[in-house]
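The chain contents come next:
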Amino acid sequence: MVNVQEVTFSYSKKARLISNMSLELEAGHIHGLLGKNGEGKSTLLKLISGLVFPHVGNIDTFGFKPQKRHPEMLQDIYFLPEELPQLTLSIQNFENVYAAFYPKFNSEQFNNYLKEFDITDKSQMLNKLSHGQKKKVFVAFGLATNTKLLLMDEPTNGLDIPSKGQFRRMVASAIDDTRCLLISTHQVHDLDSLIDSIIIMDKHEIVFNQDINNITNKLLFRVADRNTTDDTVLYSEDTLRGLFQVCKNPNGEDSKLDIELLFNAVLSNKNEIVKLF
Amino acid sequence: MNATLNINRIWLLLQRYFIENKQRELSFWGIAIVVFMLAHQTEAVTIYLFISGLIFAGNTFKSFNYTPSGMHYLLIPATHTEKLITNILLSTFYYFAMFVITYTIGTFLGINIRNLLWGDSIPVEFDLFNTYWHNSGNISFWNMFYSFAVLQSIFMLGSVYFKRNAVFKTILSYFVLIFVLFVIQLFILKVGYGSFHIDNHDINLQFMSFNDYFPGFETAFKVLGYLSLPFFWLVTYFRLTEKEV
Chain A
1 MVNVQEVTFS YSKKARLISN MSLELEAGHI HGLLGKNGEG KSTLLKLISG
51 LVFPHVGNID TFGFKPQKRH PEMLQDIYFL PEELPQLTLS IQNFENVYAA
101 FYPKFNSEQF NNYLKEFDIT DKSQMLNKLS HGQKKKVFVA FGLATNTKLL
151 LMDEPTNGLD IPSKGQFRRM VASAIDDTRC LLISTHQVHD LDSLIDSIII
201 MDKHEIVFNQ DINNITNKLL FRVADRNTTD DTVLYSEDTL RGLFQVCKNP
251 NGEDSKLDIE LLFNAVLSNK NEIVKLF
Chain B
1001 MNATLNINRI WLLLQRYFIE NKQRELSFWG IAIVVFMLAH QTEAVTIYLF
1051 ISGLIFAGNT FKSFNYTPSG MHYLLIPATH TEKLITNILL STFYYFAMFV
1101 ITYTIGTFLG INIRNLLWGD SIPVEFDLFN TYWHNSGNIS FWNMFYSFAV
1151 LQSIFMLGSV YFKRNAVFKT ILSYFVLIFV LFVIQLFILK VGYGSFHIDN
1201 HDINLQFMSF NDYFPGFETA FKVLGYLSLP FFWLVTYFRL TEKEV
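These protein sequence lines are chains A and B, in that order. If you count the first sequence from 1, position 264 lands on 264 in the numbering used here, and the numbers rise without skipping. Numbers given in the numbering used here equal positions in the second sequence, counted from 1, plus 1000.
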């Protein structure tokens, strides 16, 4: 679906924002894109959708070069940015205007998603809504476009606690074998039980890209006593509840993935962890 | 699917513009009618046309002022050609047509209300059209429209080129360009005639004066004038294709 090959990109000549990056995204998956601030996560989403152009390397999005911004490609991409555009439109008019550009848009789905988010009055003006409410409209619209690729940059920022759960449920129900979702976020707990693959960026490169099953097969996530230590421990965090550890998992024990712990583990012990996969 | 030009998508882009800017359009043209009711002298109307027009054109790609809006605009599933054509239709043809319509309505209402209130019997005359349509002089209605279209194309290019304060920066660039051309003119005269004076007369700094010394210059200048419109549209197109946000 999307093939990023050895791409390098920078906004200025001094510092590279994306360095020699390769990545493949397949349909039927929900990928979580994690990284510290300024690592180039949003830029990667922009590169895939053709908003910025790679300086070196190639990107293929459904067989199109994204920088051409071919309408056939754009009809199958929905990009939800972290900051939303200022539109002086009612929700109804927003649907009337923009749905026509997306051939697979489903109005019934849109209404259902809005209802799930408790937005019932479509005559409300988008510019009068709070950031969170506006985000709900854009999320609902994006899911209802039924595009092959959904790119979401911090989609849960601004959503209240119940809405985050609704967001997860909606996304899980909207993604099928034909669609792919790439979510860039710092709110890792919002991705729990939603994503099936984790991509971690560090120092402007992808340092880790694995599906969840593979991760829990190779790594064990556990809470241990402070005195517990053995040579399987790859990373450890001291908390009030004890030591949160990421360990090697030679026996294939079951454990619940802790995305935040994994992220910190990868950043602090990258070589050891990558070697296991 | 037509990859370059699809009339349906242009129609959708136009619809998008009018739905998003309904209030602004109604207010702007409402005010224009009031302005033309009060002032319908040709000179004032022409100045109003050109100044308001360049502000309108200078805001064509105003969505690029704010990154999320620029991203939203570039990701609308339509080609760059369709987006450009839509903006040309709006900033040039639609704007001019609306200008003519509101001028006609405003002038008609203005004169009739005045006649009614003050008991005058001033005939309703549309000076703008009289001057430009019926004169057999050099300035025709078509010329006025073409000059307007060229100016619009320059400011449309400015709006895609400059991220902020596009109108001001375009005006500044325009004057810098005129100054550079002026210096080149002086340079040519200096090289060609060894002096800034020709036949002991001070040089006329108008370009057209060149025609006396370089036959065919006026024709070439006219041709360049006509070509400038598609030239600026083309440059705007390429600028749009390479736009990154």
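The set of hints was computed from the structure by calculation and includes no laboratory data. Treat the hints with care, since some could be wrong.
SDA-like mimics (lysine to any residue), calculated; alpha carbons at most 20 Å apart, straight line [stated by the list, open to error]:
1) B:Lys1243 - A:Met73
2) B:Lys1222 - B:Phe1141
3) A:Lys104 - B:Phe1141
Take a look, some chain B residues computed to stay more than 12 Å from chain A by CB distance [claimed, not checked]:
4) Trp1011
5) Phe1050
6) Glu1125
To be clear about the criterion: a stretch of chain B counts as covered by chain A if any three or more of its residues have a C-beta under 8 Å from a C-beta of chain A, and this derived list gives those stretches [claimed, not checked]:
7) 1058-1068
8) 1181-1188
Here a beta-carbon is modelled for each residue, glycine too, at the ideal position from N, C-alpha and C.
Please verify the coverage claim for the region 1058-1068 of chain B: does it have three or more residues whose C-beta sits within 8 Å of some C-beta in chain A? holds (count 4)
Holds or violated: B:Lys1222 and B:Phe1141, Cα atoms, limit 20 Å. holds, 17 Å
Using C-beta distances, would you say chain A covers the region 1181-1188 of chain B, given that this needs three or more residues below 8 Å? Since 0 is below three, the answer is violated.
Checking the smallest CB distance to chain A, is B:Glu1125 really beyond 12 Å? holds, 39 Å
Against chain A, does B:Phe1050 hold up as non-interface, every C-beta pair farther apart than 12 Å? holds, 28 Å
Please confirm whether B:Trp1011 is truly not at the interface, meaning its C-beta sits more than 12 Å away from all C-beta atoms of chain A. Given a closest Cβ separation of 9 Å, the condition is violated.
Are the Cα atoms of A:Lys104 and B:Phe1141 separated by 20 Å or less? violated, 47 Å
B:Lys1243 paired with A:Met73 [C-alpha distance capped at 20 Å]: Between B:Lys1243 and A:Met73 the Cα gap is close to 17 Å, so the pair holds against 20 Å.
In summary, the numbered hints that this structure violates are 3, 4, 8.
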